[in-house]
Amino acid sequence: MTIKPFVGQPIERLEDLPLLRGRGQYVDDLARDDMLHAAILRSALGHGRIRSIDTTRARELPGVHSVITAADLGTPVPCVPMRLQPMPEFEAFAQPVMAGNKVRYVGEALAMVLADSAAIAEDALSEIAVDIEPLAAVPNHAVAVADQTLLFEEKGTNTAMKFRAVLGDAASAFQNAPYRRRETFSTQRNTALTMEPRGLLCEWDAASGKLKVFGAAKVLFFNRRVIARQLGLAEDSIEMVECHVGGSFGARGEFYPEDFLIPFAARRVGRPVKWIEDRREHLMTMNHAREAACDVEIACERDGTVLGLRGHAFVDVGAYMRTNGAVGARNIAQFMSGAYRIPNIDIDVALLLTNKTPVGTYRGPGRFETDFFRERLFDLVARDLGIDQVDFRRINLIKEAEIPYAVATIAPFESKDELDSGDYRVTLDRCSAEFGWAEKAKLKGRSIDGRYHGTALSCFIEGGAAGPKETARLVLETDGTITVYIGSSGVGQGLETAFAQITADAMAVPIDRINNVFHGSTSYVSDGYGSYHSRSIVMGGSAVLDAANKLRTVMCAEAARRLNCGAAEVLLADGRAAAPDGKSISWAELAPEPLSAEGFFLNKKHTWAYGAAAAHVSVDAKTGHIQLLDYVAVENCGRIINPLTLKGQLIGAIVQGLGGAVMEHLIYDEQGQLLTGSLADFLLPTAADFPTIRGVLIESHPSPINPLGAKGAGEGGIISVGGVIANAVADALSSLGVEPRDLPLSPSRLWHLIQDAHKAREVCR
Amino acid sequence: MLVQFEVNGNPVEVEVEPRLTLADCLRHSLRLTGTHVGCEHGVCGACTVLVDGAAVRSCLMLAAQADGAKVVTVEGLSLEEGLTPLQASFRKHHALQCGFCTPGMITTAHALLTKEPDCDADRVRDVLSGNLCRCTGYISIVEAVLDARSAYARK
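Residue numbers (numbering that gives the first Met the number 0), protein chains in the order written: chain A, 0 to 764; chain B, 0 to 154.
In short, the hints are calculated from the structure, not lab data.
The beta-carbon is built from N, C-alpha and C at its ideal position, and this holds for glycine as well.
One thing to keep in mind: the hints can contain errors.
If you want the footprint, here are the derived chain A segments under chain B, 3+ residues with CB under 8 Å [to be verified]:
id : region
1  : 107 to 115
2  : 500 to 514
3  : 526 to 536
4  : 676 to 685
Some chain B residues close to chain A (C-beta under 8 Å, calculated; not the full set) [unchecked claim]:
id : residue
5  : V71
6  : E74
7  : L82
8  : G98
9  : C118
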């Protein structure tokens with residue numbers, strides 16, 4: 000019997016059965032009889048010096064167990080460490096888990112109440128008297144650069160770091176270039192906004208000295224190392240447990256102040272402690288992202304060949320450097336060239352501290368921003384040079400023969416990278432065809448029923464598969480089924496289904512022989528690296544292949560012993576192990592005790608999915624409203640594991656990107672006060688906003704860097720959206736001369752751009 | 000105060016603080032955790048339950064206000080084994096990823112299809128626009144609800 004491979008099939012998700020019936024177990028669904036509830040008092044000021052915090056009255060409230068402030072946490076107060084790019088230069092800007100002397104953003108933790116109920120804990124917060132001397136705030140990167148007001152006085156600067164991306168010789172390229180254009184662009188502050196707020200439930204067992212942390216996500220092993228170090232515990236005395244996770248998109252599961260505070264509290268009081276953030280807290284404490292600006296110049300031949308790109312970018316990193324707060328800035332500089340051959344690059348990017356929530360990664364970190372900058376610039380240039388906007392991209396796309404293609408190197412940490420495989424023109428042409436570019440582009444600037452129509456197309460690349468390692472363990476159970484344990488973590492993306500497919504093929508069994516896929520606990524495998532940088536499938540899946548090979552070796556050895564033949568002679572098929580003489584035993588008989596094997600995948604390179612996206616919009620010039628009439632994205636992710644879930648990731652990412660392009664915006668005032676602290680102010684796309692999105696998957700060019708041939712996927716859809724939408728809007732309003740340079744293109748901002756364009760034309764007349 | 004109402008066909012009697020929301024009562028007093036709380040200010044729709052047949056945000060309703068009412072949660076719209084046609088359609092169309100908004104989507108869609116089994120795509124989008132989903136981009140959810148209409152068709 001041959002089994003049709005499961006990899007590549009649109010298998011319905013194993014995860015769905017509990018989730019559809021209200022049987023999910025998210026962290027707030029857990030309860031313990033004797034648990035205390037934590038609530039956290041947060042700074043209402045963006046910048047200030049703490050004079051005093053008086054918790055007396057809060058402590059006296061019936062039902063309040065205790066109140067914890069920075070003074071209770073020891074000296075120095077533990078800080079949130081850098082997980083990625085952990086350079087010593089960043090240490091001075093690390094966030095203490097609770098503010099002691101200064102507050103630097105609205106939402107920073109000042110005190111924590113533990114009480115019998117969440118309601119009493121919240122009541123008690125209002126009984127804490129806080130005296131903070133207000134300081135002038137640094138509300139944006141322009142003020143930060145001036146270094147007049149400082150977040151960290153002892154450092155003397157608000158610039159946490161500068162990265163520089165260099166390729167070729169930009170100075171020479173610009174000197175001799177026949178065409179140059181310089182522009183400034185910006186993207187707004189945004190956040191991943193997971194539907195499930197963050198939360199933790201921690202249990203301390205004093206007798207055994209063991210800590211259990213429920214609600215862990217994304218990078219459990221890293222976070223365990225941090226907690227172990229900060230609490231002075233051995234790593235193996237801490238178990239991190241992932242419940243169902245209501246989305247991450249990069250933001251959830253990083254080490255936040257509460258990841259210290261709640262375990263600390265549980266140990267201190269010797270009772271389970273639960274903390275669930277509310278949506279207001281979420282908007283002011285979960286990592287922000289995306290706020291960046293640039294001043295860049297491009298050099299081209301008259302035929303449209305790009306010769307060079309240079310300039311400066313600025314990333315508003317908020318008040319502290321958190322775990323992955325440097326990734327967006329790195330990506331903005333290193334990937335401003337995207338899928339295009341730009342031989343000479345010199346771009347620096349400054350990481351600037353402001354009195355706002357610290358930033359971290361959010362799906363397509365830096366890539367969404369830098370694609371908006373570049374693609375806007377490309378359309379302006381194509382128009383100057385009289386070249387069709389799609390042709391301009393085709394001319395400059397990296398050719399298949401040029402791959403592997405080295406992108407710009409990042410200083411100071413010499414980060415090199417190269418694109419792994421693909422034929423980028425195929426996805427561009429397919430996107431153009433699926434979209435109907437030839438026909439739709441004729442609508443350029445046309446006004447139909449009072450709305451101006453426009454189109455745009457761009458290409459993108461999507462990085463994935465961050466190393467260094469992933470671990471998988473396969474177990475042949477006594478009933479002959481296979482159980483999978485994996486160091487990757489589930490954040491809602493459908494990990495279990497994909498790993499069941501990969502395992503079924505690797506063990507050559509039907510998928511229903513995969514008993515279960517366990518992920519998200521530090522006790523399942525010896526080491527794990529989790530889910531970020533679109534790494535789970537490539538890294539975890541490749542580790543599964545290794546574990547499957549090793550388990551088959553173990554099974555063959557065991558079968559050889561039982562069947563009196565050589566291990567190399569054993570045939571494992573159809574759930575039986577057979578010897579050359581025809582004798583055989585079932586897998587269940589092979590395992591009177593479970594047989595187990597752990598596998599690994601080590602990797603230093605990245606995978607590069609790639610694609611193209613096109614949009615057709617109409618704009619109401621009277622209101623600034625943008626209607627999306629069509630959006631097509633074509634992506635090639637190498638070998639596809641599950642087209643159903645992959646397409647779900649693509650479409651979902653696009654709609655998130657549309658939110659970032661036209662509506663989502665975390666707005667602060669000049670004092671660093673967050674003005675968008677609810678979902679009534681911070682607008683997300685709804686079911687009625689973008690009904691027409693089409694996703695097309697192409698499977699070719701498997702990644703050469705892993706045995707699965709898969710490429711990291713799930714972020715690609717979002718990367719193009721800002722640039723494509725802004726370019727389509729510019730195309731629609733070309734007769735008015737409107738050129739968007741800043742996101743989001745909210746109706747009010749676009750209306751103002753249209754008004755300004757009208758005024759400019761009147762002046763010209 | 001003592002509140003009496005019916006949940007998923009079973010009579011319940013709960014001692015609650017007057018300020019307790021119906022969502023927290025269901026989740027924490029009655030341990031029916033299928034109903035999710037995403038924003039506590041009536042925007043996200045994750046906490047949607049049926050109160051006397053109408054889709055209601057249980058975070059904006061006090062438990063005390065449910066006194067005497069018939070409340071149905073996602074648990075009450077589920078079978079002991081397997082999936083209902085609406086749930087199966089969600090699965091088939093990959094209309095959920097992280098699953099956190101899903102109970103609210105299911106209850107909202109059930110209320111809609113019960114009253115309007117012939118609704119069109121625009122109507123589905125309009126009604127679901129009160130439920131936020133951050134994962135799917137909604138297109139698969141709308142398809143799933145449309146595809147489930149036949150199970151609710153008037154006989």
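We went through each hint and held it up to the structure:
1. 107 to 115: violated (count 0)
2. 500 to 514: violated (count 0)
3. 526 to 536: Not satisfied, violated; 0 residues make the cut.
4. 676 to 685: Holds, because 6 residues of the region 676 to 685 of chain A bring their Cβ atoms closer than 8 Å to Cβ atoms of chain B.
5. V71: Hint on V71 (chain B): violated, closest Cβ of chain A at ~11 Å, above 8 Å.
6. E74: 5 Å, holds
7. L82: 6 Å, holds
8. G98: Given a least distance of 3 Å, the restraint on G98 (chain B) holds.
9. C118: 13 Å, violated
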